[in-house]
Amino acid sequence: MRDQTWLPAFSLWQREMVRFVRQRSRVTGSLLTPVLFWLLFGAGYGGSFRPAGSPESSSFEYFLPGTVVLIVLFTAIFANISIIEDRREGFLQGVLVAPVSRLAIVMGKVLGGATLAILQALLFLGVAVATRSAFSGGGPGLAGALEAAAALILLSMGITALGFVFAWRVDSVQAFHGVMNLLLMPMWALSGALFPAAGAATPIRILMAINPTTYGLAMLRHGLGRDATGGPTPALAAAVTVGFAVLAVTAAVLVASKRRKTA
Amino acid sequence: MNAVLETRGLGHDYGSRKALDDVSLTLAAGEIVALLGPNGGGKSTLFRILSTVMDASRGEATIAGHDVRRAPADVRQALGVTFQAPSLDRKLTVRENLIHQGHLYGLRGPDLAKRVQVMLEAFGLTDRAGDYVETLSGGLARRADVAKSVLHRPRLLLLDEPSTGLDPAARRDLLRLLQRTRDESGTTCFLATHLFEEAEVCDRVAILDRGRLVALGSPTALVREVGGEVVKLTSDDPEALAAAIRERFAMEALVADGEVRMEREDGATLLTPLLAAFPERILSATVARPGLADVFFRRAGRAFEEGSDA
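Just so you know, the protein sequences line up as chains C and P, in that order.
Using the working numbering, count along the first sequence one by one with no gaps and you end on 263.
Using the working numbering, count along the second sequence one by one with no gaps and you end on 1310.
If you're looking for bench data, these hints aren't it; they were derived computationally from the structure.
As the structure is a prediction and not an experimental result, all values here were calculated from the model.
Hints should not be assumed to be uniformly reliable.
List of simulated lysine-lysine pairs, DSSO-like, C-alpha gap at most 30 Å [what the hints assert, rightly or not]:
{"hint": "1", "chain 1": "P", "residue 1": "LYS1091", "chain 2": "C", "residue 2": "LYS258"}
{"hint": "2", "chain 1": "P", "residue 1": "LYS1018", "chain 2": "C", "residue 2": "LYS258"}
{"hint": "3", "chain 1": "P", "residue 1": "LYS1091", "chain 2": "P", "residue 2": "LYS1114"}
Please put together the full structure from these sequences, using the hints given.
Following this line, the structure appears as structure tokens:
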């Protein structure tokens, strides 16, 4: 039996990379927009913002992990919009009639999203360090860096797969905007990216506690040595982040495996 | 067993609408068969079922001996599909598209590279191999699309209205490529079309109307069945003219698609008395050898164009 998963998944992943490089607008959308947000929030809040229970000395530092998560989120959104475009332009139908497992289609997309997210996050962190906007008191050790990288990859896989579940079933980019604005953006805003859970009102704290992004961001903060008090413990953050990625990928495979009964 | 495609009692409903009804047909290795029918006749439904993206409501279909419902992975390996809209990635080059396609079918390395090269040459795409698909003309993109569909040497190639948007020269070019692919690899081609001239040059024609298979045979055999000649008259009032002809000449005269239509052995000799009898009411008269349009009319009981209700 021929390999129906990893060679096709590799090929689909490779295609994601090539397309990203050939579509300059995606670099602008998924990297520059979060960086702009970071500069606006960081400079805008300036000294007037003292995050409750956070060790960060400046708002630039507080918003840094959240900006990385925003890069992850935007990359996932673009990756999913391309599913809708592939369906409309006809490319996807060729993949669907090929002897390719549905896991391959999901993994090509999800690993593509994760790779792009981590490369852009590294670029962003590199710029932040070079401009002395972050880690002025020293960077994370090797273990911390690995934990942060794992958080990024898992969170990115989870969010891309979650977007996939919706993008697979809609036939227009407009319809996906609803998913983006009502689900994905709030997931980011209520993850501790903008404000810590410690000082928030109870309903918001509950929403933050059931939001998987909260745990991904907490894991990332822990890896970067920037824990916020009132957040989940490092072990819980890691466990939930792994669980979210596994569940979301499974859901995406199930959605993609369902054969249609109508056109 | 030589059958590459076999369907038995295949049917499909969209809600209460029967899109496909009791379709049974067999395609042998190396045949080029047209699936002819008006838009909305069930061609796309049949193709969706055969290409494993949709389950049929009733009946069975096997491709290269594999059941489309129970063994979709084996069916997909034996099947190539060319869709109405090319399924190429426009941001990739022609060669990149072919290599990607090879990976999807489990091909890799030097074997794949060689096969891609052979395919590029066979389809006359060597010069454009490094160009982005978005820079190709419609005809060239279609060629690249077909090359992609047959790269893994499928037993059966399904083509859903592949000549959409192509000019007549590119259309002929496409058919020649299919014939060559058939000659070299024995690939069976099943080609959905609503163009008679495209169906006429195929080995056999399957005619699908309102979901039912109304004819299956070689174009010449089907046309022979109609026989004689077809006389068509245009008139301001075709119904009245048909009635007058039936009364005066005691012969069958029907109205189809706004024209009075008669199938006669002696079509040409009939013209003079007809024109003499109704000089004011006949605007134009034609006599022609029957074609697939007449086969459709006879088998489906209506003119082809009326079916365009997709």
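Results for each hint:
1. A threshold of 30 Å between alpha carbons decides the hint, and for LYS1091 of chain P with LYS258 of chain C the separation of about 28 Å falls inside it, so the pair holds.
2. Restraint check: the Cα-Cα separation between LYS1018 of chain P and LYS258 of chain C comes to about 23 Å, which is no more than 30 Å; the hinted pair holds.
3. This hinted pair checks out: LYS1091 of chain P and LYS1114 of chain P have alpha carbons roughly 23 Å apart, not beyond 30 Å.
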